[in-house]
Amino acid sequence: MKIFYELGRYWIFLAGMFTRPENFSIYRKQVMLEMDAIGINSVGIVSLVSIFMGAVITLQTAYNLINPLVPLWAVGLVVRDSIIIEFSPTIIMLVLAGKVGSSIASEIGTMRVTEQIDALEIMGINSTSYLVIPKMLAAIFITPFIVLISMFVGIAGGWVVGELTGVVPSLDYITGLQSEFLPFNVFFAMVKTVVFAFIITTVSSYHGYYTSGGALEVGKSSTRAVVFSSILILIFDYILTQLILI
Amino acid sequence: MIQVQNISKGFYGKLVLKNVTNTFEEGKVNLIIGGSGSGKTVLMKCMVGLYEVDEGAIEYDGRDFSAMTKLERKSIRREIGMLFQGSALFDSMTVEENVMFPLTMLSKMDEEEKRDRANFCLQRVNLDNANNLFPAEISGGMKKRVAIARAIAMKPKYLFCDEPNSGLDPKTSIVIDELIKEITYEFQMTTVINTHDMNSVLMMGDNIIFIYKGEKFWSGSSKDILNSGNEQLENFVFASKVMQDLRRHLKN
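From first to last, the protein sequence lines are chains A and B. Quick note: the first sequence, position 32, residue 32 per this note's numbering, numbers continuous. Quick note: the second sequence, position 206, residue 206 per this note's numbering, numbers continuous.
Accuracy of the hints is not assured; some may be wrong.
[What the hints assert, rightly or not] Below 16 angstroms or equal to it, Euclidean Cα-Cα: the simulated EDC-like pairs (lysine to aspartate or glutamate) are:
id, chain 1, residue 1, chain 2, residue 2
1, B, 143, B, 96
2, B, 114, B, 97
3, B, 223, B, 206
4, B, 18, B, 52
5, B, 45, A, 121
6, B, 143, B, 128
7, B, 181, B, 25
8, B, 143, A, 115
9, B, 216, B, 231
10, B, 74, A, 121
11, B, 155, B, 79
12, B, 181, B, 26
13, B, 70, A, 118
14, B, 181, B, 206
15, B, 74, A, 118
16, B, 74, B, 52
17, B, 223, B, 234
18, B, 157, B, 182
19, B, 216, B, 234
20, B, 70, A, 121
21, B, 18, B, 215
22, B, 45, A, 115
23, B, 14, B, 54
24, B, 155, B, 26
25, B, 45, A, 118
26, B, 213, B, 231
27, B, 74, B, 55
28, A, 29, B, 111
29, A, 220, A, 118
30, A, 29, B, 97
[What the hints assert, rightly or not] Residues of chain B placed beyond 10 angstroms of chain A at every Cβ, according to the derived structure:
id, residue
31, 67
32, 157
33, 202
34, 216
35, 232
In case anyone wonders, no lab produced these hints; they're calculated from the structure. C-beta: ideal position from N, C-alpha, C; glycine also.
All chains should be modelled from the sequences, with the hints used to inform the complete structure.
Right under this line is the structure:
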């Protein structure tokens, strides 16, 4: 029964968020600040994860494609599509669920336990819209760029490791990258990214917003935010793949 | 003036406030006193709408706050200033930005007017040269003053203070008490203070209500408290030996 209670409260939370937000000029400034916190500050970790992700996918694909009937350039094609369709939008958003989700939940949770959210409510400000909408808009706007960066870096990582180890020569790798490219796959990845960005920001904000107690509960909310965001990302990954690709 | 009529509030089947009725007068310092867990914070949170009452009505100058929808309450909320126990300043904003925040969100003032109003409020609470500091960089007493400045920025008609002296040394507590008292008389606000600081009770209580186990047990002024004849109130107010000696001294 608890799941229905949580779901109901989450919907009420979302509905409250879109009810008469105040002063949009303030929101614009907040969105810029959040884009910096959510996006720009994540470029480093995203690049690091992507480069190793691309490298490992290249090595594993090359290791598995030992059939002489499969040309070596197929490695580039498989790496490209794996990164574009699945690894960059899903793995990177899971990484962001950990980094950004926990940060959002602990920030809002701390505001709750230190009565800052009560202060907003007393002033007559819609606290859910003030706190969540800028984060949500910023994430929806900036994460597609982060995922695009991840795609480029991941594919580049695969190319570098293929060349350095001699497993896949550059010519084969680049031939594979240029073969049978479907721009729709990038669009699909962007759709997934936007949905995951919405999940990360709203689910993490929800867990932070309903924190009660003290510092210990803030930590617990932060953990719950990451766990639930990650689970929902995986569920929606499956649903979106089924709906859009199949 | 705020009127509370027969309000009750419970949590998980346990009644925390039982049929409390009281009038909090305009231009006066109204105190809610009581021991820990007596229900005074719940009463204040019901009054400002952070908790919904189970029964009863809360009226702000005849406007039934408890019957209003969330959107209708916004207009009254903009007439309310509140000082929280832990100050509740926004950590990511400077002192000046904290005071300007309600003006930025809720008023149509331009930047210059907002800054002037914020500086007026900060000067009113005797806080100079702290505009660009963050809450983490100032003392507890200064935080309370910033919180008062933020609370009065929108020129509220009603000021609520939840344990304004908690965590402060006795000297700073007196400064904060004096400040709240002065502001109340100066701006003719209806001020409601939730406290168990006996110094505040004796120094500034124009109207006092004593809450015991969720019920209103006594009401009067700070002058009446010495001869209330109410056992529970006397046990609460004169719990320490110092207060007992003080009462003996005053009676003699």
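Hinted pair, alpha-carbon criterion (16 angstroms max): residue 74 (chain B), residue 121 (chain A). Please report holds or violated. Given pair residue 74 (chain B), residue 121 (chain A) holds - Cα atoms ~9 angstroms apart, limit 16 angstroms.
Against the 16 angstroms threshold, does the CA-CA distance of residue 181 (chain B) and residue 26 (chain B) hold or violate the hint? holds, 13 angstroms
Can the restraint linking residue 155 (chain B) and residue 26 (chain B) be considered satisfied, given a maximum Cα separation of 16 angstroms? holds, 14 angstroms
For the pair supplied as a hint, residue 45 (chain B) and residue 115 (chain A), confirm whether the alpha-carbon distance does not exceed 16 angstroms. holds, 12 angstroms
Taking the minimum C-beta separation from residue 67 (chain B) to chain A, is that value above 10 angstroms? holds, 17 angstroms
Closest CB of chain A to the CB of residue 202 (chain B) still more than 10 angstroms away: Given that every Cβ of chain A is farther than 10 angstroms from that of residue 202 (chain B), nearest at about 27 angstroms, it holds.
Can the restraint linking residue 181 (chain B) and residue 25 (chain B) be considered satisfied, given a maximum Cα separation of 16 angstroms? Given that 16 angstroms is the threshold and the Cα spacing comes to 14 angstroms, the pair holds.
Check whether the Cα positions of residue 181 (chain B) and residue 206 (chain B) lie no farther apart than 16 angstroms. holds, 10 angstroms
Given the hinted pair residue 70 (chain B) and residue 121 (chain A), is their Cα-Cα distance within 16 angstroms? holds, 10 angstroms
Can the restraint linking residue 18 (chain B) and residue 215 (chain B) be considered satisfied, given a maximum Cα separation of 16 angstroms? The hint holds at about 5 angstroms.
Straight-line Cα separation of residue 223 (chain B) and residue 206 (chain B) no greater than 16 angstroms? Between residue 223 (chain B) and residue 206 (chain B) the Cα gap is close to 9 angstroms, so the pair holds against 16 angstroms.
Are residue 70 (chain B) and residue 118 (chain A) close enough, with their CA atoms no more than 16 angstroms apart? Holds - the C-alpha atoms of residue 118 (chain A) and residue 70 (chain B) are around 14 angstroms apart, at most 16 angstroms.
Of the numbered hints stated above, those contradicted by the structure are hints 27, 29, listed in ascending order.
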